[in-house]
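Trainee: Each chain is listed here by its residues.
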Amino acid sequence: MLNVMKHRSASVKKFILILTIFILIASSAFAFKWPWSKDKEENNLSITGSTTVLPIAQKAAEVYMNQNSDVNISIRGGGSGVGIAALIDGTVEIADASRPIKDKEIESAKEKDVNPYTNIVARDGIAVVVHPSNSIDKISIDQIKGIYTGEINNWKQLGGKSEEIVVISRDNSSGTYAVFNKLTLDGAKVRQDAVTVASNNAAAQTVSQTPGAIGYIGLGYLSERVKALKVNGVKPTNATVNSGDYTLARPLFMYTDGKPEGLAKKFIDFIMSSEGQKIVEELGFVPVN
Amino acid sequence: MKEKSIKFILFICAFVSIFFLLGITITLFTESLPIFREVNLLDFLFGKNWYPTYCPPDLGILPLIVGTLVVTLGTMIVAVPLGLGAAIYISEVAPHRIKEILKPAIELLASIPSVIYGLFGMVFLAPIVQKVFNIPIGLNAFTASIILGIMALPTVASIAEDAISSVPRSLREASFALGATRWETITQAVVPAASSGIIASIILGLGRAIGETMTVLMVAGGAAQIPGSIFEPVRTMTATIAAEMGEAPMGSRHYQALFAIALVLFFITLGFNLLADIIAHRKKV
Numbered sequence: 001m002l003n004v005m006k007h008r009s010a011s012v013k014k015f016i017l018i019l020t021i022f023i024l025i026a027s028s029a030f031a032f033k034w035p036w037s038k039d040k041e042e043n044n045l046s047i048t049g050s051t052t053v054l055p056i057a058q059k060a061a062e063v064y065m066n067q068n069s070d071v072n073i074s075i076r077g078g079g080s081g082v083g084i085a086a087l088i089d090g091t092v093e094i095a096d097a098s099r100p101i102k103d104k105e106i107e108s109a110k111e112k113d114v115n116p117y118t119n120i121v122a123r124d125g126i127a128v129v130v131h132p133s134n135s136i137d138k139i140s141i142d143q144i145k146g147i148y149t150g151e152i153n154n155w156k157q158l159g160g161k162s163e164e165i166v167v168i169s170r171d172n173s174s175g176t177y178a179v180f181n182k183l184t185l186d187g188a189k190v191r192q193d194a195v196t197v198a199s200n201n202a203a204a205q206t207v208s209q210t211p212g213a214i215g216y217i218g219l220g221y222l223s224e225r226v227k228a229l230k231v232n233g234v235k236p237t238n239a240t241v242n243s244g245d246y247t248l249a250r251p252l253f254m255y256t257d258g259k260p261e262g263l264a265k266k267f268i269d270f271i272m273s274s275e276g277q278k279i280v281e282e283l284g285f286v287p288v289n
Numbered sequence: 001m002k003e004k005s006i007k008f009i010l011f012i013c014a015f016v017s018i019f020f021l022l023g024i025t026i027t028l029f030t031e032s033l034p035i036f037r038e039v040n041l042l043d044f045l046f047g048k049n050w051y052p053t054y055c056p057p058d059l060g061i062l063p064l065i066v067g068t069l070v071v072t073l074g075t076m077i078v079a080v081p082l083g084l085g086a087a088i089y090i091s092e093v094a095p096h097r098i099k100e101i102l103k104p105a106i107e108l109l110a111s112i113p114s115v116i117y118g119l120f121g122m123v124f125l126a127p128i129v130q131k132v133f134n135i136p137i138g139l140n141a142f143t144a145s146i147i148l149g150i151m152a153l154p155t156v157a158s159i160a161e162d163a164i165s166s167v168p169r170s171l172r173e174a175s176f177a178l179g180a181t182r183w184e185t186i187t188q189a190v191v192p193a194a195s196s197g198i199i200a201s202i203i204l205g206l207g208r209a210i211g212e213t214m215t216v217l218m219v220a221g222g223a224a225q226i227p228g229s230i231f232e233p234v235r236t237m238t239a240t241i242a243a244e245m246g247e248a249p250m251g252s253r254h255y256q257a258l259f260a261i262a263l264v265l266f267f268i269t270l271g272f273n274l275l276a277d278i279i280a281h282r283k284k285v
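Residue numbers (this note's numbering), protein chains in the order written: chain R, 1 to 289; chain E, 1 to 285.
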C-alpha cells in the first residue's frame, strides 16, 4: 500500500514537473516580449546600427534618461546595414549609420512605405594608425592605397626601417571599411592576406600589439596606444575634420522614418543641443556645429 | 487518460527538435540554392577569391574551406593528446581525491563562453605567440588552434573518459593476471577495448572545432587567403558567415552565398556526426 502511494505521488510529481516545464516553454514563446519589438508607448525608443555611432547614442541616452526618468531608450550595435534594415522592418525608431543610406536600401524602404530621413549628428575622421614604435609619421592617400592593395609590402619603401607591413582591415559589414575603401582605395580590392577584425577597438588593439601593423579606426578610438599618421600632410584632429582639410572624414547619421517625431525628435534634438554636442566631442568625435 | 496525455506531451517535446532540424535544413536549402543558378558549384567550392561585396563579386570559398581545415587540424593536434592523456589519467591512474577535483575542473572548461576564450586569445596569447615565434602578427591559425584545442579538450576528455571507465574490471584483472604491468594493461588492453568510444570522442571534438565561431572570428586573423604556413592569418567558414551576414542585403548573391557556406558546413558536420555514430555503435552490435 505504502509502496503504491509512493509510486503514485512520484508519478504525480513528475507529471506536474513536466507540465510546469511545458507551460513555461509555451508561455515564454507566446507571452515573452522581445526587447526589440516595437512599443507603441511614447516613453520607449529603440536604436540600432553602426558601432561607430554607438558610443554617442549610448552616452547621450544615459544623460537623457537621467534627466527624464520615465523614458526608456534601448540601444544596440550590429553595424550600419543592420540598423537601416531594422528601420525598414519597423523594429526601431532610429537607425545609426556611419555611411549614407544606399540606393538599394532606399528602394526596399519605399516598398515597405518607410521614408528614411537623414539626420547628421556628428562627424568622424578615420585615422590611419601604426604601432607607436614605427618611425613613419606621415602618409599619402596613394601610399595607403599601395599598402592596402599589396603593391607596398615593407616600411622601407616609405622610408622607415625594414619591416614587413601587416595590413589590418575591417570586415566588409563595417561602415568604417566601406568609407575607408571609398575614400582611399577607389574601389580596388584589399589584399587577400589582410587581417580583418570585427571592431574599431579590435583594430586599435591589434595595431597596438603588432609592431609592423597599419590599420584604420574612427577618431574617437585614438589613444596613446597607437600612432595616428598625417594623411597628405594633415593631422587628423577635430579642427581639420570640420574645416574639411583632413580628407578621410565622414558624417555620422541617425536615420528616422520621415521627419523625427515624438521621443525620437526629442532625443535627436538633445544630441544636436550644445550639451549633446559636448558629449560628441568628449567621445572624440567632431561636433557638427 | 492521464497516461495518454503525458505520452502526448512527451511526444511533442521529443519532436520539437525534429521540427527545428527540418526547419533549419529547409531554410538552408531554399536560401542557398538560388546562388547555384548564378555561380557554378565547382567555381564556388574551388574558387580562390572571396570578394563578395565587389562588383562583380568573387564568390570562391576555397580559402575559407582551407582555413577551416587548417584550424581544425591544428585544434586536433592540441586537443587529442591532451584530452586522451587527461582521460587515461583520470580513469586509470589518478587517486580518488584528485579525480574528484580534475573531472569537474575539465567540465568547467566546457562551460566558459567562447567569447571569453576569444578575448583571452586576442589580448593575452596572440602577443606572446607573435614575440616567441618572431612573426609579423599573432592573430593566426596557430593561435586559433591552441585556443580551440583547449576548448575542444573537455569534449574529448570527458567522452573518452566515459569510454575508458566503462571497460569491465575483469579485463584489467585478466591483464594483470597475465603478468602485464599497469602501463601495458592501459595501452594494450584498456585503450583498445575502449577504442570505439575514444574515436567517437575525437570526432565529436572535431565537430566542436569546425563549428566554433566567435573564437576564430576574434583570434584567427580573418584573412580570406590560402595560408602558406600555420603562422598566417586565416578566415574560417563560420567566422565569415558571422561577420558578413549582418551587412549582406537579404536575397542578394552575397546573402545566398553565405547560406551556401552554411550548407557546406552543415554537410561537413553532419558527415562527422554520422561517422561518430557509426563508430560508436560498431562494436556494440
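Read the hints as simulated data drawn from the structure, not as lab findings.
For each residue, glycine too, the CB sits at the ideal point set by N, CA and C.
Heads up, some of the hints might be wrong.
Label-pair restraints from in silico Cβ distances [as the list claims (entries may be wrong)]: (1) E/PHE19 <-> R/VAL234: 27 to 33 Å; (2) E/GLN188 <-> R/LYS189: 52 to 58 Å; (3) R/ALA188 <-> E/PHE19: 46 to 52 Å; (4) R/LYS278 <-> E/GLU100: 55 to 61 Å; (5) E/LEU108 <-> R/ASP269: 29 to 35 Å; (6) E/MET1 <-> R/ASN66: 55 to 61 Å; (7) E/LEU119 <-> R/ASN44: 28 to 34 Å; (8) E/LEU119 <-> R/SER135: 53 to 59 Å.
Trainee: Hint by hint, say whether it matches the structure.
Mentor: Results of checking the hints against the structure:
The hint said 27 to 33 Å for the Cβ distance between E/PHE19 and R/VAL234, and at roughly 60 Å that hint is violated. Separated by about 57 Å at the C-beta atoms, E/GLN188 and R/LYS189 satisfy the suggested range of 52 to 58 Å. About 47 Å separates the C-beta atoms of R/ALA188 and E/PHE19, a value consistent with the hinted range of 46 to 52 Å. Between R/LYS278 and E/GLU100 the beta carbons are some 58 Å apart, a value that agrees with the proposed interval 55 to 61 Å.
Checked against the given bound of 29 to 35 Å, the beta carbons of E/LEU108 and R/ASP269, roughly 50 Å apart, lie outside it. Checked against the hint of 55 to 61 Å, the C-beta distance between E/MET1 and R/ASN66 comes to roughly 59 Å, which is consistent with it. Restraint check, E/LEU119 to R/ASN44: a C-beta distance of roughly 32 Å satisfies the suggested window 28 to 34 Å. At roughly 31 Å, the beta-carbon separation of E/LEU119 and R/SER135 lies outside the given 53 to 59 Å, and the hint is violated.
Violated hints, in rising order: 1, 5, 8; the structure is consistent with all others.
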